[in-house]
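Chemist: Chains W and V supply the protein sequences, listed in that same order. End of the first sequence = 385 in our numbering, gap-free, step of one. End of the second sequence = 1128 in our numbering, gap-free, step of one.
Hints may contain errors.
Pairwise CB distance ranges, derived in the manner of DEER restraints [to be verified]:
#1 1004(V) to 227(W): 49 to 57 Å
#2 371(W) to 1004(V): 21 to 29 Å
#3 1004(V) to 254(W): 42 to 50 Å
#4 261(W) to 1004(V): 42 to 50 Å
#5 1098(V) to 111(W): 28 to 36 Å
#6 1098(V) to 33(W): 41 to 49 Å
#7 1004(V) to 63(W): 23 to 31 Å
#8 333(W) to 1097(V): 22 to 30 Å
#9 378(W) to 1087(V): 48 to 56 Å
Worth flagging that the hints you see were computed from the coordinates, not collected in a lab. The beta carbon of each residue, even a glycine, is placed where N, CA and C say it ideally should be.
Residue-level listing of the chains:
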Amino acid sequence: MTRRVYLDHNASTPVHPEVVAEMLPYFSDVYGNPSSVHGFGRDARAAVDAARDRVAAFLRVRPDELVFTSGGTESDNFGVKGLALARGSGHVITSKVEHHAVLRSAQALEAQGFAVSYLPVDQYGMVDPDDVRRALRPDTIAISIMHANSEVGTIQPVRAIGALARAAGVPFHVDAVQTFGKVEIDVDAMNIDALSFSGHKIYGPKGIAGLYIRRGTKMVSIQHGGEHERRRRAGTENVPGIVGLGKAVEVRARDMKTEAEAVSALRDRMWEGIRARVPEVRLNGHPTERLPGTANICYRNVESESIVLALDLKGIAVSAGSACTAGSVEPSHVLVAMGVPLDWAMGAVRSSLGRSTTAGDVDYVVASVTEVVRRIRQAMPVGAA
Amino acid sequence: MRYSPTLVDHFLNPRNAGLMREADGSGSDEYAGCGDLTRFYLRVREGHLAEARFQAYGCGPTIAAASVATELAAGRAVEDLATLKAQEIEDALDGLPEDRKHAAEVAAGAMRAAALDALRRRHGNREA
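Next up, chain W with everything else stripped away, as it sits in the complex:
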């Protein structure tokens, strides 16, 4: 049987066995609706409250500042639209390298009459806090900048941006889906007013996420119905998911630091191995301010999808930095914003390592990538692309 290596942890992660074990009773034994007054409901409510306390302790915030949602996308929609719509009109600052959940929320606000500034990034994918300062206007009503980029792993200077936001009295939303549970987050020191986070990126289940909303922050709901989540997010709570998120966070608090060190070392081993064996490669993203497990590598003049397919056939799961859909190619908006030339950007492949990745996995990937890229380049027209 072919060896299988999963290097797509930025897309999703396997649920940690301790998390699965904690969740199981909440499918079949404790199945009441937390809003119900009877004992079945009260048991479910107690589980939701306990999980909320765990996440609050991890983020060092108050439990009533957390709202559970269905995913990172909902949290980002809530964070961006919730802050803007609460102020009715005005100007929003974000960046060109945000996740589509933020970018398209901003575009939806533009369609409703809001003004939006999409800040550029440097060659490493980093936003310059000075650009944020220059973009601030008297009518700026919200700033949304991600903590780390999912594609290239660059960590943004959110502390500096948060300080500017606080000084200007503008609420600050941070999409922390890729850093929550992997990188230290201090919402007070970073002056963050709203923070999106998700369960399935940190060995929790899919379909559960959250938004931290600093007490006193003016925010409107984007989903209406019952009185759930202190009337901020209607809908019956995903009790097993919330329990799983609570446990996942507890496991991260315990393992985060040691895993980050191990994963960083393996990521560096992989890049050094590829760099030594494959000509015309480059590592995208910031050299030091980056997510521990992410390596976005461009193979010049090779189309990334052919590498992804060839590696998939060797049991290796990575993701393409550009996507050819129905004959129209779209290089990653992140790499385009970073100014990566097209002949490089078309060959971008992202690997994201995780807690189960081994040195043997990495060596197998290095050997496979070396062989695959050499073979594809052999069939390549001279000076193509």
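Following the hints, put chain V in place on chain W, whose structure we already have.
Modeler: Then chain V, alone, in the frame of chain W:
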């Protein structure tokens, strides 16, 4: 797997990949949508294809389509190759997903261009 075993085999083990020196005809085609590029080099003997080689830049299906085209063209009359249809290449790959049809179109376009180039050169030589 969204691709047929035949396609995967041609992608992993491309037939006749590489450059040909002093070819009797060569031609390329590009798919503007995504920059996919395929180029064929033909060696012609008595009006029939004796050998073909290809170079391709693109996704897996594009490389596989070029590879399979060199096989299905072998031994055929150059006039015949000048009207090669994408459908024949797609059939030889046991089908393509809807969003990858262009792989066969680029290969067919490049093969037609190479065959026309071979015909032009042949006629040119006669006139000379």
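Chemist: In ascending order, which of the hints set out earlier in this document are inconsistent with the structure?
Modeler: 7 and 9
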